[in-house]
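**Q** Okay, here's what each chain looks like letter by letter:
There are 2 protein chains.
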Amino acid sequence: MRDVAELAERVAAGERRALARAITLVESRRADHRAAAEALLTALPVPEAVLRVGLSGTPGVGKSTFVESLGLMLTEAGERVAVLAVDPSSARSGGSILGDKTRMERLSRAPGAFIRPSPAVGRLGGVARRTREAAALCAAAGYGTVLIETVGVGQSEVEVGWMVDVFLLLLAPAGGDELQGVKRGIMEIADLVLVNKADGPLAPQAQRTCADYAGALRLLRKRPDDPEGFPKALTVSALEARGLAEAWDEVRRLVAWRRAKGWLASRRAEQARHWFREEVRQAIEDRLAGDDAHADRLTALEAAVAAGELPAARAAAQAVAPLFGDAGATGLDGGGDSD
Amino acid sequence: MRDVAELAERVAAGERRALARAITLVESRRADHRAAAEALLTALPVPEAVLRVGLSGTPGVGKSTFVESLGLMLTEAGERVAVLAVDPSSARSGGSILGDKTRMERLSRAPGAFIRPSPAVGRLGGVARRTREAAALCAAAGYGTVLIETVGVGQSEVEVGWMVDVFLLLLAPAGGDELQGVKRGIMEIADLVLVNKADGPLAPQAQRTCADYAGALRLLRKRPDDPEGFPKALTVSALEARGLAEAWDEVRRLVAWRRAKGWLASRRAEQARHWFREEVRQAIEDRLAGDDAHADRLTALEAAVAAGELPAARAAAQAVAPLFGDAGATGLDGGGDSD
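Those protein sequence lines, which keep their order, are chains C and F. Sequence positions in the first sequence follow the numbering used here and run 197 to 535. Sequence positions in the second sequence follow the numbering used here and run 197 to 535.
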């Protein structure tokens, strides 16, 4: 596999076009590409020093402006920043949250920045798994900060939570009782809640929203890897680039604390184990999905279970038995194995 | 399987000893018992009218007093109430949250009540799956309300959340900034937060805690199957049996709304599909765990992934390939499939 070795060398040397090609390779669903992608990832271990940051926020909250402002701040300080996106909706809608680079026009021209549109197609889990691999490639290419943005569809935040060191949630100023559509599970993984648009007439509202969330986070979140004072809520103005340096200082402080306490390493090891188990599960499911009789059986049995006609355990036994060559125990008759 | 048919008849007739024996059967790990348990469950469909209620709360919050007061209130009104427990810690500690029936002495003597100690042993997932089956048996035996209590260890709340219609979280009065150790994921599934001990000198504190959580729930929770005003926070005094009727009215109101809107049926169907998929996954894992070579391979590969020596996808491919009789792609050498 001479190509892979050469590509790995060029990625490690920080060549942007090689990195882009490498990401295309991990996103491909062709079997030979997958084998090459795995060889490539094996050849390019993730540097310990990388900082992987997840970012979520509902549409309209100012996410692109925030990413551009933050990215420019970091690249102007000499850092190299990669921005990736998880957008599971793009497969259906044809849209892409980063497909249009004009969304971050200034950042896309910065020499230290690498912006990657979301994959055009893919199953949800598949997109997330490949995004994690793309982030690993960016880290290997020398991007010290990898920002993984999610548009907040389905389980994407939770999946991104399993591939980053720190997670940011961007909110807009809102009335005390106004719901912001903060999705299931996000408050569990957010390390820093940033209330954006703390500028002009919305500034006082942003302060109040920030205080509301600070209180809610104190009540509802408790994790051993949260240092004193975290999770934290802050106000920022992405438009005026205010509060970003302070927010980033908090990110660094949090990561430094977790690194010193050993939480960063243990979190990364746990994440790696999580993805390994997911990959094993998915690999087995993919193999079994190729077995038409098995797939048909699963569909019929699941419908019977949902309709209350069969208990889950009995249906599962009937689904699995034929895979292991057991006699009997097939069909939907339920009670018929003896009497 | 004449025994099973007879046991099913006796359970359906509401015989307590038959129900206890049936639950012991579903808890057993012996293969012949499992087959009988599945036949039994197939013969005893869950009545639509049953109300399955999850309850969680940290130790010291007054959970047993609450369950006893609520159970007595319902049984005195002529209802039949079953209380089950999920206590994954009992396998390790030898303790059991319901093993000692004196904990709910009055309720255990009520003719309409059935109290079941937690299983003595079992893996976490296994305990939860069997608890769900025990709840189905209680429903089939004519217990109109099945209360599933969890002590709050590991993922037990989330698992119980997948087997109930309504979830209650019991809290103690606390200072505004005082953490109550509310665990990851609970706020996502709680429909009603009940601040207990709203009696004597703690009453004002309970009111304040209740207001804090009401505010936090408004900010952080949003689900399509929440009617206006839910999730809700209320104060109760389990000791003085005050607020319980009001809390139970809210439970009934919530369930009636979800039933009328079709959410109850769709939630139950989704739960059944969830457990079917879990059972299929577990059945495949159990079969594979019997393959020593596979188990050893998984252990070695997971360690290599956690140590950063191998990417997850490559390791998973190596783990799965031999199961399907593929040549090559074994061992930990990583890059050796060609070059």
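It should be emphasised that the hints constitute simulated quantities derived from the structure, not laboratory data. Predicted, not measured: the structure shown is a model, and the values here were computed from it. Heads up, some of the hints might be wrong.
Here are some, though not all, of the chain F residues that point toward chain C, as calculated from beta-carbon distances under 8 angstroms [as the list claims (entries may be wrong)]:
(1) GLY210
(2) TRP358
(3) ALA368
(4) ALA412
(5) LEU415
(6) ALA441
(7) ALA443
(8) TRP471
(9) VAL476
(10) ALA479
(11) ALA491
(12) ASP492
(13) THR495
Sample of chain C residues at the chain F side, in silico, Cβ under 7 angstroms [as the list claims (entries may be wrong)]:
(14) PRO243
(15) ALA245
(16) LEU247
(17) PHE472
(18) GLU475
(19) ASP492
(20) THR495
(21) ALA496
(22) PRO507
(23) ALA511
(24) VAL516
(25) PRO518
Idealized CB from N, CA, C, for every residue including glycine.
**Q** Run every hint past the structure and note whether it holds.
**A** Status of each hint after checking the structure:
no., hint, result
1, GLY210, "violated (20 angstroms)"
2, TRP358, "violated (11 angstroms)"
3, ALA368, "violated (13 angstroms)"
4, ALA412, "holds (4 angstroms)"
5, LEU415, "holds (5 angstroms)"
6, ALA441, "violated (27 angstroms)"
7, ALA443, "violated (20 angstroms)"
8, TRP471, "holds (4 angstroms)"
9, VAL476, "holds (5 angstroms)"
10, ALA479, "holds (4 angstroms)"
11, ALA491, "violated (12 angstroms)"
12, ASP492, "violated (14 angstroms)"
13, THR495, "violated (11 angstroms)"
14, PRO243, "violated (10 angstroms)"
15, ALA245, "violated (13 angstroms)"
16, LEU247, "violated (16 angstroms)"
17, PHE472, "holds (4 angstroms)"
18, GLU475, "holds (3 angstroms)"
19, ASP492, "violated (14 angstroms)"
20, THR495, "violated (11 angstroms)"
21, ALA496, "violated (11 angstroms)"
22, PRO507, "holds (4 angstroms)"
23, ALA511, "holds (6 angstroms)"
24, VAL516, "holds (4 angstroms)"
25, PRO518, "violated (12 angstroms)"
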